[in-house]
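Number of protein chains: 2
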Amino acid sequence: MLEAKVYITLKKTVADPQGLTIKHALESLEYKEVKQVRIGKLVILQLDMNDEEEAKKRLDQMCQKLLANSIIEDYTFELAPVN
Amino acid sequence: MLEAKVYITLKKTVADPQGLTIKHALESLEYKEVKQVRIGKLVILQLDMNDEEEAKKRLDQMCQKLLANSIIEDYTFELAPVN
Numbered sequence: 018m019l020e021a022k023v024y025i026t027l028k029k030t031v032a033d034p035q036g037l038t039i040k041h042a043l044e045s046l047e048y049k050e051v052k053q054v055r056i057g058k059l060v061i062l063q064l065d066m067n068d069e070e071e072a073k074k075r076l077d078q079m080c081q082k083l084l085a086n087s088i089i090e091d092y093t094f095e096l097a098p099v100n
Numbered sequence: 018m019l020e021a022k023v024y025i026t027l028k029k030t031v032a033d034p035q036g037l038t039i040k041h042a043l044e045s046l047e048y049k050e051v052k053q054v055r056i057g058k059l060v061i062l063q064l065d066m067n068d069e070e071e072a073k074k075r076l077d078q079m080c081q082k083l084l085a086n087s088i089i090e091d092y093t094f095e096l097a098p099v100n
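Top to bottom, those sequences are chains A and B. In terms of my numbering, the first sequence opens at residue 18 and continues consecutively. In terms of my numbering, the second sequence opens at residue 18 and continues consecutively.
Note that these hints are calculated values from the structure, not bench results. Just so it is clear, the structure is predicted and the values come from calculations on it, not from any experiment. Misleading hints may appear alongside valid ones.
[As the list claims (entries may be wrong)] Have a look at the derived ranges for each label pair, beta carbon to beta carbon:
#  : chain 1 : residue 1 : chain 2 : residue 2 : range
1  : A       : 65        : B       : 18        : 22 to 30 Å
2  : A       : 52        : B       : 32        : 15 to 23 Å
3  : A       : 91        : B       : 45        : 32 to 40 Å
4  : B       : 70        : A       : 74        : 35 to 43 Å
5  : A       : 45        : B       : 45        : 38 to 46 Å
6  : A       : 91        : B       : 71        : 28 to 36 Å
7  : B       : 68        : A       : 98        : 31 to 39 Å
8  : B       : 70        : A       : 67        : 38 to 46 Å
9  : A       : 47        : B       : 18        : 37 to 45 Å
10 : A       : 66        : B       : 71        : 39 to 47 Å
11 : B       : 81        : A       : 66        : 33 to 41 Å
Note that CB positions come from ideal geometry on N, CA and C, so glycine has one too.
Chain A with its partners taken away, still in its complex shape:
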């Protein structure tokens, strides 16, 4: 069994109004040190397989087909064995 953590973030050139709203909210709570906020998604998958190389290939496909929108988003992932 493998656990995959997929981190999906907006590309740097894409505006992030949700991040901006959170930045303003933090500023109004006096967290003036916050200079930028960007929001991303975290997708945690349990995979019933043990071959990490094969899992990487299939995760790459899943990200491209479904999880991420490659026009506006980047993704990275980590794989680790779980019991």
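Fit chain B to the supplied structure of chain A, relying on the hints for placement.
Just chain B now, with coordinates in the frame of chain A:
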């Protein structure tokens, strides 16, 4: 300058319909190895400060006050210096 990555996940006991929908979509794309999908949020903050201990304290407050809903969500974060 510090970069904080905050990972916000639903507590294990909280239902995750969005994760379930993605699991079903992956199944219909023949990714039968996917046994569970849970969705979380990733918040990336640029902090104009260098004291990591102080940053941890303030991030903890930000998570509790605004970023996470501690009734249904857990959070963890990582801090790293950036240029």
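Status of the hints after comparison with the structure:
Taking the beta carbon of each, residue 65/A and residue 18/B are about 42 Å apart, not inside 22 to 30 Å as hinted. In this structure the hint that residue 52/A and residue 32/B lie 15 to 23 Å apart at CB is violated, the actual value being about 36 Å. A hinted range of 32 to 40 Å is violated for the C-beta pair residue 91/A and residue 45/B, which are about 25 Å apart. Restraint check, residue 70/B to residue 74/A: a C-beta distance of roughly 41 Å satisfies the suggested window 35 to 43 Å.
Range check, residue 45/A to residue 45/B: about 44 Å between beta-carbon atoms, so the 38 to 46 Å window is met. With their beta carbons about 30 Å apart, residue 91/A and residue 71/B fall inside the hinted range of 28 to 36 Å. Roughly 36 Å separates the CB atoms of residue 68/B and residue 98/A, a value that falls within the hinted 31 to 39 Å. About 40 Å separates the C-beta atoms of residue 70/B and residue 67/A, a value consistent with the hinted range of 38 to 46 Å.
With their beta carbons about 19 Å apart, residue 47/A and residue 18/B fall outside the hinted range of 37 to 45 Å. Take residue 66/A and residue 71/B: their Cβ atoms lie about 43 Å apart, and the range 39 to 47 Å holds. For residue 81/B and residue 66/A, the Cβ-Cβ distance of about 38 Å falls inside the hinted range of 33 to 41 Å, so the restraint holds.
Violated hints, listed in ascending order, are 1, 2, 3, 9; each of the other numbered hints is respected by the structure.
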